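Chain residues, written in single-letter form:
2 protein chains.
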Amino acid sequence: MDVARAAGVSRQTVSNAINSPERVRPDTRSKVLQVVDKLHYRPSSAARTLRHQRAGAVGTELNAVADQPSDIALPFLTALTLSAARHACHMVPFASKEAFPLLSGYQDMVRRRLVDAFILTDTHPGDPRPAWLEEAGIPYASFGRIYDDPTRGYWADVDGAAGTQMAVAHVAASGYQTVGFLGWPAGSAVGDLRREGWAQGVKEHDVAAGPEGSAPQSLPEALRAAEDLLDGLAVGDAVVCASDVLALGVHQAALARGWTPGADIGITGFDGSPVAHLHSITTLTQPLDDIAEHLFTILDHQLAGSPEPVQAALLVPTLDVNTSTKITPKKGTS
Amino acid sequence: MDVARAAGVSRQTVSNAINSPERVRPDTRSKVLQVVDKLHYRPSSAARTLRHQRAGAVGTELNAVADQPSDIALPFLTALTLSAARHACHMVPFASKEAFPLLSGYQDMVRRRLVDAFILTDTHPGDPRPAWLEEAGIPYASFGRIYDDPTRGYWADVDGAAGTQMAVAHVAASGYQTVGFLGWPAGSAVGDLRREGWAQGVKEHDVAAGPEGSAPQSLPEALRAAEDLLDGLAVGDAVVCASDVLALGVHQAALARGWTPGADIGITGFDGSPVAHLHSITTLTQPLDDIAEHLFTILDHQLAGSPEPVQAALLVPTLDVNTSTKITPKKGTS
DNA sequence: ATCGTTCACTTGAACGTTCATAATGTGTCT
DNA sequence: AGACACATTATGAACGTTCAAGTGAACGAT
Chain A
1 MDVARAAGVS
11 RQTVSNAINS
21 PERVRPDTRS
31 KVLQVVDKLH
41 YRPSSAARTL
51 RHQRAGAVGT
61 ELNAVADQPS
71 DIALPFLTAL
81 TLSAARHACH
91 MVPFASKEAF
101 PLLSGYQDMV
111 RRRLVDAFIL
121 TDTHPGDPRP
131 AWLEEAGIPY
141 ASFGRIYDDP
151 TRGYWADVDG
161 AAGTQMAVAH
171 VAASGYQTVG
181 FLGWPAGSAV
191 GDLRREGWAQ
201 GVKEHDVAAG
211 PEGSAPQSLP
221 EALRAAEDLL
231 DGLAVGDAVV
241 CASDVLALGV
251 HQAALARGWT
261 PGADIGITGF
271 DGSPVAHLHS
281 ITTLTQPLDD
291 IAEHLFTILD
301 HQLAGSPEPV
311 QAALLVPTLD
321 VNTSTKITPK
331 KGTS
Chain B
335 MDVARAAGVS
345 RQTVSNAINS
355 PERVRPDTRS
365 KVLQVVDKLH
375 YRPSSAARTL
385 RHQRAGAVGT
395 ELNAVADQPS
405 DIALPFLTAL
415 TLSAARHACH
425 MVPFASKEAF
435 PLLSGYQDMV
445 RRRLVDAFIL
455 TDTHPGDPRP
465 AWLEEAGIPY
475 ASFGRIYDDP
485 TRGYWADVDG
495 AAGTQMAVAH
505 VAASGYQTVG
515 FLGWPAGSAV
525 GDLRREGWAQ
535 GVKEHDVAAG
545 PEGSAPQSLP
555 EALRAAEDLL
565 DGLAVGDAVV
575 CASDVLALGV
585 HQAALARGWT
595 PGADIGITGF
605 DGSPVAHLHS
615 ITTLTQPLDD
625 IAEHLFTILD
635 HQLAGSPEPV
645 QAALLVPTLD
655 VNTSTKITPK
665 KGTS
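Order-wise, the sequence lines are chains A and B. Just so you know, the first sequence maps onto residues 1 to 334 in the numbering used here. Just so you know, the second sequence maps onto residues 335 to 668 in the numbering used here.
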């Protein structure tokens, strides 16, 4: 190794100077580091991987088939990438054109020692992956509850109920009168929780519960549902929505009947997606950085082999107030 | 190596059976492959990297600071990931919170042998990265022209002019009368080319050139610009836009004056972004798969060390016709 | 029979790390 | 000075792969 030669020490001393500063004399260390700096030496991650039997990498699947990719997939991947760097590793995305992910794809990556673990996203009830990976002894952490067995601690998720409850608190404090809800058709785990938060919110914050409606995650259908919903509301009321797309539906429906979002009717979305920002809709931004960080904590635990169960985390989104909840004459934002 | 033992051959024969089939007898090969299959053996990519001095990985930077992440960044990354697999390698995303990318980040990844090359995105005039990388001898390929020296063959891009020209042809054929243009403020390389295509299109397709306007990539400003533009147009006319967000501005402005997009006024966007699909706006979808594939071809050339210059590629987007160019009574889509 | 050729497979070495352990230095106490 | 402890640095081995060179065996030509 040329750094060792240039510094007049052995390879191991170079290694120690970098990885175990306490094992070398300070002056030796600084001499070595100076040479490292001059030669721009960086340890080969391949050699490290080979030696440690650990890739220092985490895989995550990109959905290559979704008709509409999740709005937060990219910011989440970015958050993961930044967290990974903090944990001295890197992300390895993979994708397939299969409609359903295959276990073999996951297994191969581990066997080739390309990654040590996986971050799962878009978990849903009946998702086979957690069971697979656990059986195969492959560490993983999931963004989104593991519905089939939420006692497993291998996940972090957004507290949907807390989010919509915050939204209700906000519109109530802003002075809107009645608060309606536009959600997804009952039965989706995420959607039901978000509805729950609204229901709880109107109880606790002493505002009238308006009508509720539902539509799938598509603008035309959201628009139709929103029209019905607005028939049961009046200027000065608000609608809390389970997603930004649904909120956009309300937004459009409001415009169509001449109501100005915010001034005439309060609208809140959920996810902090580009759609919400584009249309100036108040939304609940998911704490992606915190989630990513927590998932890495989970992985570190598993990779370290610690037997104690890992805490799952339910993280509260932040309310991004925007024009769509700025009511005209009355009080300001909460 | 246990595969070798189980198959009763040497490690090298296993390696050959996998990598150089012609060097082993067919029956030996099939025997080895059978064992490989049974033991689920996969060669360690770390050991390969160490041996070959090649990571088999390509880095790409995720913008962690952009106020609004590019709408096509995720689909493009997905396309890259799929192309990478086809070229026996994988992507390694990285991100920093610096406003400007640092060369050192790129260099370190190569020195650690984490990646062999980079895919650049969002290149712009004055972008220092191509020169950096070239000087450092690091292979790269860019999605987007290398403006400072387009003779360099290390890029693939979308033919913006061809795209807007196609859009004009389409609205002309659909029966819209006058075709206006909403672009970005003059001076942006991409925007100027897209405007050029519109100007050329109205000349060639024998439709009247309507007024043109410009706005930055933000919905409120696009909306304002669109209002002015629509003042100069009438029902039955069309507007070709340089981006989907601008098109959305026109869409909203049209709705505001009671015009139904498509039926009353034609609108086309550019990029094939989720925004366009969400609002059913006809758009020019970028051929991301082809671009990714071409970029990998470029990288392969560089990594193979072939001296002959690589062809840059200008790829034509595809027109995704949607409601916003479905005119009421007249002819169908082109 | 001897020699070269070719084919099929095996062996030694090396890629760059780091662990375990051995060697050397440095100081302290008798 | 000698003995011991302890701090510091050096050496051998191994991680899994593949290149280069080597060993045999089979075969035909001399």
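These are calculated hints, taken from the structure and not from any lab test. Treat the hints with care, since some could be wrong.
Unchecked claim - From the structure, some residues in chain B lie toward chain A, with a derived Cβ separation under 10 Å:
| hint | residue |
| --- | --- |
| 1 | SER349 |
| 2 | ILE352 |
| 3 | SER354 |
| 4 | ARG357 |
| 5 | SER379 |
| 6 | THR415 |
| 7 | VAL426 |
| 8 | VAL579 |
| 9 | GLN586 |
| 10 | SER614 |
| 11 | GLU642 |
Said to hold, decoys possible - No farther apart than 30 Å at their CA atoms in a straight line, the calculated lysine-lysine pairs in the DSSO-like style are these:
| hint | chain 1 | residue 1 | chain 2 | residue 2 |
| --- | --- | --- | --- | --- |
| 12 | B | LYS431 | B | LYS537 |
| 13 | A | LYS97 | A | LYS203 |
| 14 | B | LYS660 | A | LYS38 |
| 15 | B | LYS372 | A | LYS97 |
Claimed, not checked - Using C-beta positions, here's what the derived DEER-type ranges look like:
| hint | chain 1 | residue 1 | chain 2 | residue 2 | range |
| --- | --- | --- | --- | --- | --- |
| 16 | B | ALA422 | A | THR151 | 38 to 44 Å |
| 17 | B | PRO403 | A | ARG42 | 26 to 32 Å |
| 18 | B | LEU437 | A | MET1 | 20 to 26 Å |
| 19 | A | LEU103 | B | GLN387 | 49 to 55 Å |
| 20 | A | SER306 | B | PRO484 | 23 to 29 Å |
| 21 | B | GLN551 | A | GLN53 | 33 to 39 Å |
| 22 | A | GLN107 | B | GLY460 | 44 to 50 Å |
| 23 | B | ARG376 | A | LEU39 | 32 to 38 Å |
| 24 | B | LEU589 | A | SER306 | 55 to 61 Å |
Everything numeric in this text was worked out from a predicted model, so none of it was measured. Ideal placement from N, C-alpha and C gives every residue a C-beta, glycine not left out.
Going through the hints against the structure:
1. The interface hint given for SER349/B is broken, as the beta carbon of that residue sits about 15 Å from the closest beta carbon of chain A, more than 10 Å.
2. A least Cβ separation of about 12 Å between ILE352/B and chain A goes past the 10 Å threshold, and the interface hint is therefore violated.
3. For SER354/B, the interface hint is violated, the least distance from its beta-carbon to any beta-carbon of chain A being 19 Å, above 10 Å.
4. Interface restraint check: ARG357/B against chain A, minimum CB-CB distance 22 Å, threshold 10 Å, status violated.
5. The beta carbon of SER379/B is positioned within 10 Å of a beta carbon in chain A (closest approach about 5 Å), and the interface hint is therefore held.
6. For THR415/B, the shortest C-beta to C-beta distance to chain A is roughly 5 Å, which falls under 10 Å, so the interface hint holds.
7. For VAL426/B, the interface hint holds, the least distance from its beta-carbon to any beta-carbon of chain A being 5 Å, beneath 10 Å.
8. Checking VAL579/B against chain A by beta carbon gives a least distance of about 7 Å; that is within 10 Å, so the hint holds.
9. Below 10 Å, beta-carbon pairs count as interface contacts, and GLN586/B has one with chain A at about 8 Å; its hint therefore holds.
10. The closest approach between the C-beta of SER614/B and any C-beta of chain A is roughly 8 Å, which is under the 10 Å cut-off, so the hint is satisfied.
11. The restraint placing GLU642/B at the interface with chain A is violated, with a minimum CB-CB distance near 30 Å, outside the 10 Å limit.
12. About 46 Å separates the Cα atoms of LYS431/B and LYS537/B, which puts this hinted pair outside 30 Å; it is violated.
13. Of the pairs offered as hints, the one joining LYS97/A and LYS203/A is violated, with about 46 Å between alpha carbons and a cut-off of 30 Å exceeded.
14. About 64 Å separates the Cα atoms of LYS660/B and LYS38/A, which puts this hinted pair outside 30 Å; it is violated.
15. Pair hint LYS372/B plus LYS97/A holds up; C-alpha atoms about 26 Å apart against a cutoff of 30 Å.
16. A hinted range of 38 to 44 Å holds for the C-beta pair ALA422/B and THR151/A, which are about 41 Å apart.
17. Taking 26 to 32 Å as the suggested C-beta distance range, the pair PRO403/B and ARG42/A conforms, at roughly 29 Å.
18. Range check, LEU437/B to MET1/A: about 25 Å between beta-carbon atoms, so the 20 to 26 Å window is met.
19. Distance hint check: the CB atoms of LEU103/A and GLN387/B are about 33 Å apart, inconsistent with the given range 49 to 55 Å.
20. Checked against the given bound of 23 to 29 Å, the beta carbons of SER306/A and PRO484/B, roughly 55 Å apart, lie outside it.
21. Here the CB-CB span from GLN551/B to GLN53/A is close to 48 Å, at odds with the stated 33 to 39 Å.
22. For the hinted restraint 44 to 50 Å between GLN107/A and GLY460/B, the CB-CB distance of approximately 46 Å keeps it satisfied.
23. Checked against the given bound of 32 to 38 Å, the beta carbons of ARG376/B and LEU39/A, roughly 34 Å apart, stay inside it.
24. As the Cβ distance of LEU589/B to SER306/A is approximately 57 Å, the hint placing it in 55 to 61 Å holds.
Hints 1, 2, 3, 4, 11, 12, 13, 14, 19, 20, 21 from the list above are not met by this structure, while the remaining hints are.
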